[in-house]
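Enquirer: Assemble chain B onto chain A, guided by the hints.
Chains as they are written, first to last, in this note's numbering: chain A, 233 to 407; chain B, 233 to 407.
Heads up, a few of these hints could be off.
It does not matter which identical chain is meant; a pair holds if it fits inside one copy or across any two.
As a list, the in silico EDC-like pairs of lysine to aspartate or glutamate whose alpha-carbon atoms are at most 20 Å apart [unchecked claim]:
#1 K239 <-> D331
#2 K305 <-> E322
#3 K239 <-> E261
#4 K305 <-> D263
#5 K305 <-> D258
#6 K239 <-> D263
#7 K239 <-> E361
#8 K305 <-> E346
#9 K239 <-> E311
#10 K239 <-> E374
#11 K239 <-> E368
#12 K305 <-> D381
#13 K239 <-> E366
#14 K239 <-> E358
#15 K305 <-> E315
The hints are simulated quantities; they were obtained by calculation from the structure and are not laboratory data.
Computed from a predicted structure; not experimentally measured.
2 protein chains.
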Amino acid sequence: MERISSKTVHEGEIATVRIDRFRYPDGSERDREIVSHPGAVAIVAHDEERLWMVRQPREAVGEDALLELPAGKLDVEGESPLECAQRELEEEVGKRATDWREVKRFYTSPGFAEEEVTLFFASGLEEGEANPGEGEDIEIVEVPLERLDAAIEECVDAKSLVGLLLFRAGLGAQD
Amino acid sequence: MERISSKTVHEGEIATVRIDRFRYPDGSERDREIVSHPGAVAIVAHDEERLWMVRQPREAVGEDALLELPAGKLDVEGESPLECAQRELEEEVGKRATDWREVKRFYTSPGFAEEEVTLFFASGLEEGEANPGEGEDIEIVEVPLERLDAAIEECVDAKSLVGLLLFRAGLGAQD
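Pulled out of the complex, with its shape left as it was, chain A reads as follows (with noise of 0.2 Å):
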């Protein structure tokens, strides 16, 4: 299929709306909604005892305290996933880390939303500086390993569970 036109509907601070029109193989045409997103990063970050997550609160679902992973949008001009995965996780979870290991790339909502996520794998950790941005409510959260199971079960957010549950699985940890 090919993109033939494409008209911004709805341009907002975060969900700009595109219509976007597509010729298929057999030359029909059709228009979809499509809602952009500049992408995104998630990171687990861990040691061989543990591994670090945030609660936040999440409007958009009702939610008060979400467990997540450190995760943030590719939301400044130039930065790479990687540089932003570095950039975000120091500022959620104050850690730094030596080893970085970008593990599987996928499409929140592929139906109608362009985000992506890079995951990330990080670990060789040395201690930074939180710094949460203006008006973000995020709270560091230790999950010791053997609490895995615990923290996959009360997960609710997907990108988190993608990474958790690779974690677990050991995919992703080879080369």
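Expert: Only chain B this time, still in chain A's reference frame:
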């Protein structure tokens, strides 16, 4: 936190955008941009030897044939997630199932979108009648269980990854 007002700023066919205002425990108030969504279902339909997936074009992310679990939106008035999952499984892969288990509910992108996915495991499969909707171009994919890790590697759709990884972990298989 408490939602104190809500205003629709864009009404689309799928993507409706609201700006909701929230009041926090400290008394402060903030606006949040939220993409409305009716919710969705996804199904790991399997027997002892294989599971069933689909490949379909996903225009929003520029993919001609994304490997996903059978899934669909809760867009029929009054239909429960289970009824929606039963309908979608038959429409998309032509199967009915006698055993249904709700395994997990999760949000695909809780930072800005309401979408909640209810994930089911379905077994006791019987032949039904595939009936994709108009304009849907869906290929049915049989995945032998010994190829599960290869499917996880190919898959780049968050809800499907959560389903495949929970199935692989044997999580949700118990009551």
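Enquirer: Evaluate each hint against the coordinates.
Expert: Okay, the hints, checked on the actual structure:
When the C-alpha separation of K239 and D331 is checked against a cutoff of 20 Å, the pair qualifies neither within a copy, at 42 Å, nor between copies, at 45 Å. With identical chains, the CA atoms of K305 and E322 are at most 20 Å apart within one copy only, with a shortest distance of 14 Å there and 37 Å across copies. Taking the closest pair of Cα atoms, K239 and E261 come within 20 Å of each other only inside a single copy of the chain (15 Å); across copies the shortest separation is 33 Å, beyond that limit. In this assembly of identical chains, K305 and D263 lie within 20 Å of each other by CA distance solely across copies; the values are 18 Å between and 27 Å within a copy.
In this assembly of identical chains, the alpha carbons of K305 and D258 never lie at most 20 Å apart, being 37 Å within a copy and 26 Å across copies at closest. Taking the shortest alpha-carbon separations for K239 and D263, only the intra-copy value of 10 Å comes in at or below 20 Å, while the best inter-copy value is 26 Å. Taking identical chains as interchangeable, the C-alpha atoms of K239 and E361 are never at most 20 Å apart, the minima being 42 Å within one chain and 38 Å between chains. Proximity of K305 and E346 under a CA criterion of 20 Å is satisfied in both settings, with 12 Å inside one chain copy and 17 Å between copies.
Proximity of K239 to E311 under the C-alpha cut-off of 20 Å is found in neither arrangement, the shortest distances being 26 Å within a copy and 33 Å between copies. Taking identical chains as interchangeable, the C-alpha atoms of K239 and E374 are never at most 20 Å apart, the minima being 45 Å within one chain and 37 Å between chains. In this homomeric assembly, K239 and E368 never come within 20 Å of each other (Cα to Cα): the closest approach is 33 Å inside a single copy and 23 Å across copies. Taking the closest pair of Cα atoms, K305 and D381 never come within 20 Å of each other, the shortest separation being 27 Å inside a single copy and 28 Å across copies.
In this homomeric assembly, K239 and E366 never come within 20 Å of each other (Cα to Cα): the closest approach is 33 Å inside a single copy and 24 Å across copies. In the homo-oligomer, the alpha carbons of K239 and E358 never lie at most 20 Å apart, since the shortest distance is 46 Å inside one protomer and 44 Å across protomers. Within a single copy, K305 and E315 get their C-alpha atoms as close as 12 Å, which meets the 20 Å cut-off; across copies the closest is 35 Å, which misses it.
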